[in-house]
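Residue numbers (the working numbering), protein chains in the order written: chain A, 1 to 380; chain B, 381 to 1251.
Think of the hints as simulated: they come from the structure by calculation, not from any bench. None of these values were measured; they are calculated from a predicted model. Heads up, some of the hints might be wrong.
Claimed, not checked - Derived SDA-like pairs: lysine to any residue, alpha-carbon spacing no greater than 20 Å straight-line: (1) B:K660 / A:K35; (2) B:K660 / A:Q62; (3) B:K660 / A:E70; (4) B:K660 / A:Y59; (5) B:K1116 / A:T229; (6) B:K1116 / A:Y59.
Said to hold, decoys possible - Every beta carbon over 12 Å from chain A, so not counted as near; a handful from chain B, in silico: (7) A589; (8) Q619; (9) P771; (10) V1117; (11) A1204; (12) T1215.
For every residue, glycine included, the Cβ atom is placed at its ideal position computed from N, Cα and C.
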Amino acid sequence: MADSTIPVHVKAEVSVRVNPVLSSISRVIKFMGIKAVVLFFTVVVGVYLTILVANMGGYVDQIQRGQIQEQIATQVLNDPSFKLLAADVRAQRIADITRMAEHRAGLDQPFMVRSVRFLTNALSLNLGRALYMNSDGGSRQVRRIILERLPSTLVLFATENFLNFFLSIFFALALSRKYASFWDRVIITLSPTSSAPGWFYGLFLILIFAAQFGILPYGGMVAAPPPDTPINYFLSLCQHLVLPVFALLLSTIFGNVYAWRTFFLIYSSEDYVDMAKAKGLSSRDIERRYILRPTLPVIITNFALALITVWQGAIVLETIFNWPGLGRLTFQAIGLFDTPVIVGSTVIYAYLLAITVFLLEFIYTLVDPRVKIGSEGRRV
Amino acid sequence: MKTNKLFIFLSLVMIASMLLASCQPERIVETVVVTEIVEVQGTPQVVEKVVVVTPSAEAAAPTEEPTPEPEKQVTRRGGWLDTIVIVEEPSGEAGVSRIESGELDAHVFSWDDPELFASVQANADLGYTTFVGSSDELSFNPVGPTFDGTGKLNPFSVAKIREAMNWMIDRNYIAEEIMGGLGLPRLFPIVGGFPDYARYIDKARELEAYYAYNPEKGEAVITEEMQKLGATLVDGKWQFNDEPVELIFLIRTEDERLEIGDYISNQLETIGFTVTRNYKTAAEAAPIWRQGNPNDGQWHLYTGGWITTQITRDQGSNFEFYHTNRGMTNPLWQSYVVSAEYDEICTRLSNNLFDTLEERDELFRRALELSMLEGARFWLVDGLSFSPFKPDVKVVADLSGGIQGADLWSYTIRRDGVEGGSMTLANASILTENWNPLGGSNQVFDQMIMKATGDQAVLADPYTGLYWPERIERAEVFAVDGLPIASTYDWMKLEFVPEIEVPADAWADWDAAEQRFITVGEVYTSTDTVTARTKMVVYFPPDLYDVQWHDGSQFSLADIVLAWILNWDPAKEASALYDESQVPALLSFQSHFKGIRIVQENPLIVEIYDDAYSLDAEAMVNNYATWMFPFYAFGQGAWHTIGTGILAETNSELAFTQSKADILQTDSINMIGGPSLEILAKYMDQAASESYIPYPSVLGQYVTPEEAATRWANLQEWYRRHGHFWVGTGPYYMDKVFPIEGTVLLKSNPQFADLADKWIDFGTPPIAEVALTGPNSIAIGDEVTFDVEVTFEGNPYPMADIGQVKYLLFDNDSKLVVIGEAEAVEDGLWRITLTKEQTALLKAGSNKMEVAVVSLKVSLPSFAVVEFISE
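The shape of chain A in the complex, shown without the other chains:
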């Protein structure tokens, strides 16, 4: 056993000694390759599971058939031309219409066969056509349906996420400097409020600021009719953003500040921070170099993951604020069993998540010198 391992060890050491740069490149490439394969496999499994779940294992086919039959029944019932037909002729016509509709919907093929096609299309980002839903502009292309809702979602959730992120960091740092102060206690007291979702606060905010005082709109993205000029449109958009952003902030910020502040407190008590203090460095330098920098990987991870969750929107909040975002879109798609839209939304999220995770591996090495890609001991 020992004999067989020694030569390998020696070989490796020789190789490292001969060409360390090549070795690093090889290690990075190998790591990237394995990571990419693993992430892609995860995406494939995740997307296929989504296809199976969204189609309820093929049960949605039956639902679709039912809807087709109902549509046709209504059409025939309301068409006086069908009334005069002999019963057998009418039945034949109805059967013809049904057959054509089922063919167009692809229901004349087994679900499992179609599920593989759904998967390959989804992975190649050929998101296909929705079953029932149209984009607001009238297209059945899933790509268009999603892209049309993306800007409004981005505006709302990116605004909230940025505000939330930077305010949380700012207040957390401030509080970490004044442990057990009055405001520190206030935040600790308010932190349980983050257990309630944004829509919960949204309802109260609407009641207070829209219904009671009438100073802010109930919902929607802009005034009706939308202002003609870009400036007025922007101002109207800002006005409509206030309540939903505030609702989202209320539901998250106290918890976040509390969590970050605790996080910073822990890092503030590290030996090297005490050492820095002993050296007489300014508190600003201490925060920047000895507290913020080691926590950067965590901060960046949180920020990146928060950014991609923007993609999912927020179903209830968008509904109560009548905000035309991706959350409502997904909710509608689920209600209608419009599986291409559900799968389309999921596959993009899966790719975003995979890419983010992939990129974070490299970002960690940039912000934290202790981390090396592919190294056994210090991989993050």
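Please arrange chain B on chain A, whose structure you already have, making use of the hints.
Only chain B this time, still in chain A's reference frame:
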């Protein structure tokens, strides 16, 4: 420590304030159902002018601030309002709150939440209108007596048990308690507020009395029939083959049917059944009850629901649809078996196979009886819906479809006593599907806006379901002797003739390859005379061609003839627009259509020959409304706006219908937004450069190249100004549309053909108010009289407007003993005289006299009841 207490106190205050804020003051709930009507108005209109040719809809001077001028003679054309803003508000609660705060003027959706209704009723600052919109029924699985799939007993395979279920269910409880007053008890496959119910009110009331809630009677019948099936009652539970008789109840969860299902389950459990409540949404339940094989035994009962969006005057086909295997092709419907008698009656009522209306009356009355004896479903309630609005809003609402379903909504909406102004309306959804006249959105949300931007040949009476001429002047219907057709209004002349010959030069079909109409002489090559059962002659007003499209284009006969061509062309394989989904409908149409002919072009007169007919002559014109004025199934379209779509579809870049778009893997045409616009604009420019006329071999006879060039120039200017292709001739034009924001801005069309007050007479629906007075006690064998006072808003109801005043006399066993018609005395007063022979039919005890008043002005009958003692 002190600080901690302060924080705890502050936290508690915050939580308490949230709880208090969530508690709204309780409101008094009244269950009075009132049907009201309304109108509205708005903001200064922007001056815009189409400079290319003729002044367009937008060329009018703006109206300044609204000024009440009720007495002034109306000179205004188009809509009463200057602008209407339509927005999306999916929440009823938020909608009402926004009306209260003044942000909205009305929410036109059909809401049916009892709590919301109660809050609206309790608010004196809100108005509302109610209407029939939906119905709930109880469907039975009729196979058995045992299921092949499970071997278990299905009690509902026995018609008598199904019938007995009527006595087990208290429909008044459902309507009043479960639905909070937003329901009306219903038994039959016909809607309670529609004309057929009023027509057969005597039979309906007789059956309703017979099937009134009587659980003891229901239990007795069910017990007897269960024993016949071999089931036994053990410790209060029915058993079959030593197992409890389990009933699987599919209960829909989205609406009041959840509580209805629970209520019926409770009733069944009280008489010994073991009920498994299977709660499902529509999509979850459909594969089980609709597509599944009923013989698998996966369900016994299902809470079904149906929707009606307009008053249907002939519901004769409902029996066949709901109770026979010809209704639908799925396994459940194929399991329906009825007696030969009921089957024949269903067929005859559905296909109008009777010679006189009296014969139909007989068939219909028998069908009502048999539907209760044999049907595999019976009804529970008609649901009432409501739409809230500000009190100063005036608008006509359809008795079935509400505001959004009324043809006349846009012609009548205004603010009380005000001309001009603006109004903001909300609907639960808007712009839900693509807009194009041939295959666009049929969603009621979108159709409502289309009705405002388009004008039609005839418009539906919101209270009777009959039709009034809008862009036609009058019509004549000739029918062969014996056909059961009647006419009601003066604009329609009905005449019966021995035979109707179809002229050889009438157009009977379309040759898509040669792009020409095929005449009757070419289709029917036999030497025999071609005949039809009906002939319709439609006369148009002399100013027909003065009508202007919103883009300023002059109306043309080509706009009408294009609608005729498009009836055939997309279903012909040789056509560039061929769409296989259109074929079955065309084949059905061709089975009865005989021909159409232009008798005279100016003023336009058109004849249509057909074997199909309706019971109302006015409805026959409506059947061909699209042919008379180009308001297609999905909105209005001019030959040039549709022409852009024709070019796009011909080049396979877009398609009118979704089915064709699916085949081409492209988008269906959306004339108001999205990627379609760019493609349509491209073909508009191409058409403009070529002075394109679609189907030139035919339409070229009615359009000159110069006229075509003008139209394309107008459309280009319209598109430049408004950014869409939705051009109509209606009282409002679509100024701006914002699909993502969910907002539509409509502006009044000052070039509209009619004055704004044309339909102002449609105010509150004249539902008769009835008071029945008579003696408190009578002597059996004596003659007695009862007075029936019929009024509306305190004024006597004119005799000429009343169809019938029927009375029904029930004895102390609730058995109907006398049916008769009251005698008209004067306006507002009818008299019932019971003869000595009739009172001799009563026994000592408490009796009931019921009167049903059927107005010619409104389809909803009115009732009054008086009880008296007989000795």
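Structure versus earlier hints, numbers of those that do not hold, lowest first: The structure conflicts with hints 1, 6 and 10, although it agrees with all the remaining ones.
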